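Novice: Start from the sequences and build out the full structure, keeping to the hints where you can.
So you can see what is in the structure, the chains are spelled out below.
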Amino acid sequence: MDGTNKMPRCSSISEWIKNTLSRTLKVSNCIPKHVGFVMDGNRRYARKNEMEIKEGHEAGFESMSRVLELCYESGVTTATVFAFSIENFNRSAREVDLLMKLAREKIRQIAEHGEMAQRYGIRIRVIGDLSLLPKNVLKSIEETTELTKANSRGTLNICFPYTGREEIFHSIKKSIEIATDSQTITESMIEQHLYTGELPQLDLLIRTSGVTRLSDFMLWQVSNKGVVIELFDCLWPEFGPMNMAWSLLKFAFRKYFSVKDNKLEEDYDEEDEEQEDSVDNREAYSVKKNM
Amino acid sequence: MGTFESKGAMRRTAPPEASVMNGTEGKYSKLKALQALIGSLFSGKSDAGESLGNEENKTFWKKQKSKIQYSIYKVLLVTLYLVYGCYRYCQYEWNKMKIRMLNIIYNPSNTPQLIRQDVTKLEKIPKRLAAILEMKSESHVGGGSQGLMNDGSEIVCWTVSAGIKHLVLYDYDGVLKKNVQDFRKDIRNKLSKYFGTSHIPKYAVRIPHLNKIYFNDKDSSSTENHKVAIEISLLSNRDGRETIVDLTRTMADLCASKELKLGDITMSLVDKELVHLVGPEPDLLLYFGPCLDLQGFPPWHIRLTELHWEEDNHDVIYSVFIRGLQKYATCKINVGK
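Protein chains in written order, with full-length UniProt numbering: chain F, 1 to 291; chain R, 1 to 337.
Honestly, the hints are just simulated from the structure, not real lab data.
Since the model is a prediction, treat every value here as computed from it, not as a measurement.
All C-beta atoms in this analysis are idealised placements derived from N, C-alpha and C, irrespective of residue type, glycine included.
A hint or two may mislead.
To be verified - If you want a taste of the chain R side facing chain F, the calculated C-beta under 8 Å gives, among others:
#: 1; residue: 84
#: 2; residue: 97
#: 3; residue: 99
#: 4; residue: 100
#: 5; residue: 101
#: 6; residue: 102
#: 7; residue: 104
#: 8; residue: 105
#: 9; residue: 193
#: 10; residue: 196
#: 11; residue: 242
#: 12; residue: 248
#: 13; residue: 255
#: 14; residue: 267
#: 15; residue: 293
#: 16; residue: 300
Unchecked claim - Cut-off 30 Å, straight-line C-alpha distance, at most; resulting in silico cross-link-like pairs (DSSO-like, lysine-lysine):
#: 17; chain 1: R; residue 1: 127; chain 2: R; residue 2: 58
#: 18; chain 1: F; residue 1: 135; chain 2: R; residue 2: 261
#: 19; chain 1: F; residue 1: 26; chain 2: R; residue 2: 67
#: 20; chain 1: F; residue 1: 26; chain 2: R; residue 2: 127
#: 21; chain 1: F; residue 1: 174; chain 2: R; residue 2: 261
#: 22; chain 1: R; residue 1: 327; chain 2: R; residue 2: 127
#: 23; chain 1: F; residue 1: 26; chain 2: F; residue 2: 54
#: 24; chain 1: R; residue 1: 212; chain 2: R; residue 2: 202
#: 25; chain 1: R; residue 1: 58; chain 2: F; residue 2: 173
#: 26; chain 1: R; residue 1: 178; chain 2: R; residue 2: 193
#: 27; chain 1: R; residue 1: 67; chain 2: F; residue 2: 250
#: 28; chain 1: R; residue 1: 193; chain 2: F; residue 2: 225
#: 29; chain 1: R; residue 1: 58; chain 2: F; residue 2: 225
#: 30; chain 1: R; residue 1: 178; chain 2: F; residue 2: 225
#: 31; chain 1: R; residue 1: 98; chain 2: F; residue 2: 250
#: 32; chain 1: F; residue 1: 174; chain 2: R; residue 2: 272
Specialist: Here it is in structure tokens:
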């Protein structure tokens, strides 16, 4: 009896902490608008914990929804997750099938009544080279996209199956197709035709499992000046809302003080410790500013 | 008002924490969080008080509450900032100390043999190395274009000593490209410091954007022996997105004049052209700044590139270089698997 009572109590306390944290972060007004995730490490997690690969991927999905909830709650409007790379088709047929099935299930689940899409008013988009997908998966994707089309408070881009180079290539081709005169092709035109074209610029990229590569994810967007790249050593299913809150806090802190840098010096004398800190921050940003 | 009342009713039936969980809609969410807070503190007493109050009172309280809530969150935020600030200060000092220690451990002291020794221990080394350089302000020590060229030539020496044949130097504004003649002299001077004036390794400086190549520090007209120990490509922001735009325009022109069909444009064609225009993808990218910012580095060329930088480091130092190589030696790339 005690045990069963305790469990929901615990989870609701952590839920409460999560909500308070995200609202606190929201009032900072320095939250990234667009966050990208490379969700790496599901299979390694499964191996580490002696689970089946399927369970690893499921744990990864759980982790994703928890992290995204915190993001949307704290004011992030757009999130892009790397779910499946075009290169992943090279995996064993069994695993590809499994991933397709799982994706179909989960994409549907997100849009279900009372789930994330509805709760946060999020539009679900599936981006990438959709022509590579099997028919039945494509059908559920279309249904979900249609169902959440009208939601306007936020966007979730699921990259499935996607590579950054394919995205650039796709945009190049589209631009050539549309342009009447080659001189009308500009950088912004190519940017517009990327899958993330009309969405806010990427501000923060998060990658897990300690790999320091982009692995063909949002190449065009990440190479932009000023995008913050955060790498975590933990595997994706271990990456929780707390890690996310941490990186959002880090982002907000940096942004807040780097904006202040450009203002008058008088703004600094608020609190002693804060001042001490902003000195160190000023140092960190002087390089950036003086570029 | 209706929504407010119905929310109140819901709260009475559900436990306070649960209402926080449900409370996710718009501005009501904050309100409900506080309601739940108060609710859990006074366990139901506040409910009675609220439902008794008339409508005007309620709107007044609603406004007050959201104001109070806002301030509570602000205070919380400042506390978080303070805590994080303290942590960050310690982290900054720690990182600085770490870098100082590393500088003592890895000190090339202008001798290629020492670098060679460090590198021969490694299992594999990158074929192509890239580095992003930043120009510091003139007032800094080692700032200005002179400082940048000095840093660049230093990296050239390390790369030659490590036995890597290709080096890409990227700076956003293209300062190195503009001062290529001075830069070549700088490289020569630095190399002679490392290898002695009689054994200066042969080098070539390439500017892909202008389609120019300079051999050693003489003028490029001499076409005698073109075997070089290192080829240095100078890139800037121009070689990134703008080059992709240029390529798109060229292909659009070709399509318009029916020399190229739209269907003929494939990934491998684009890749081939971009390799031709900019160069192949580097295996390892070093960044000598405090936290990674790719600053418009050619996007097509960082697909599987290993990235390395040291947190809170501001200088071009050997320890970043060698630790980058060490990291590359241990990493495993398996595309898609």
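Novice: Determine for every hint whether it applies to the structure shown.
Specialist: Hint by hint, here is what the structure shows:
1. 84: 6 Å, holds
2. 97: Check failed: Cβ of residue 97 of chain R comes no nearer than 14 Å to chain F, outside 8 Å.
3. 99: 14 Å, violated
4. 100: Violated - the Cβ of residue 100 of chain R stays beyond 8 Å from chain F, reaching only about 16 Å at its closest.
5. 101: 19 Å, violated
6. 102: Status violated, d = 18 Å.
7. 104: Violated. Min distance 22 Å.
8. 105: 21 Å, violated
9. 193: The hint is violated - residue 193 of chain R has no Cβ within 8 Å of chain F, the shortest such distance being about 27 Å.
10. 196: Cβ of residue 196 of chain R sits 35 Å from chain F, so the hint is violated.
11. 242: 7 Å, holds
12. 248: 5 Å, holds
13. 255: Hint holds; residue 255 of chain R Cβ to chain F Cβ min 6 Å, cut 8 Å.
14. 267: With a closest approach of 5 Å, the residue 267 of chain R hint holds.
15. 293: 6 Å, holds
16. 300: Check passed: Cβ of residue 300 of chain R comes within 6 Å of chain F, closer than 8 Å.
17. R:127 - R:58: 71 Å, violated
18. F:135 - R:261: With Cα atoms ~29 Å apart, residue 135 of chain F and residue 261 of chain R stay inside 30 Å; holds.
19. F:26 - R:67: 15 Å, holds
20. F:26 - R:127: 45 Å, violated
21. F:174 - R:261: 13 Å, holds
22. R:327 - R:127: 14 Å, holds
23. F:26 - F:54: 35 Å, violated
24. R:212 - R:202: 17 Å, holds
25. R:58 - F:173: Judged against 30 Å, a Cα distance of about 59 Å means the pair is violated.
26. R:178 - R:193: 24 Å, holds
27. R:67 - F:250: 26 Å, holds
28. R:193 - F:225: With Cα atoms ~35 Å apart, residue 193 of chain R and residue 225 of chain F exceed 30 Å; violated.
29. R:58 - F:225: The hint is violated at about 49 Å.
30. R:178 - F:225: 21 Å, holds
31. R:98 - F:250: Distance of about 21 Å is within 30 Å: holds.
32. F:174 - R:272: With a Cα-Cα distance of about 19 Å, the restraint between residue 174 of chain F and residue 272 of chain R holds, given a limit of 30 Å.
Going through the hint list in order, the structure does not satisfy hints 2, 3, 4, 5, 6, 7, 8, 9, 10, 17, 20, 23, 25, 28, 29.
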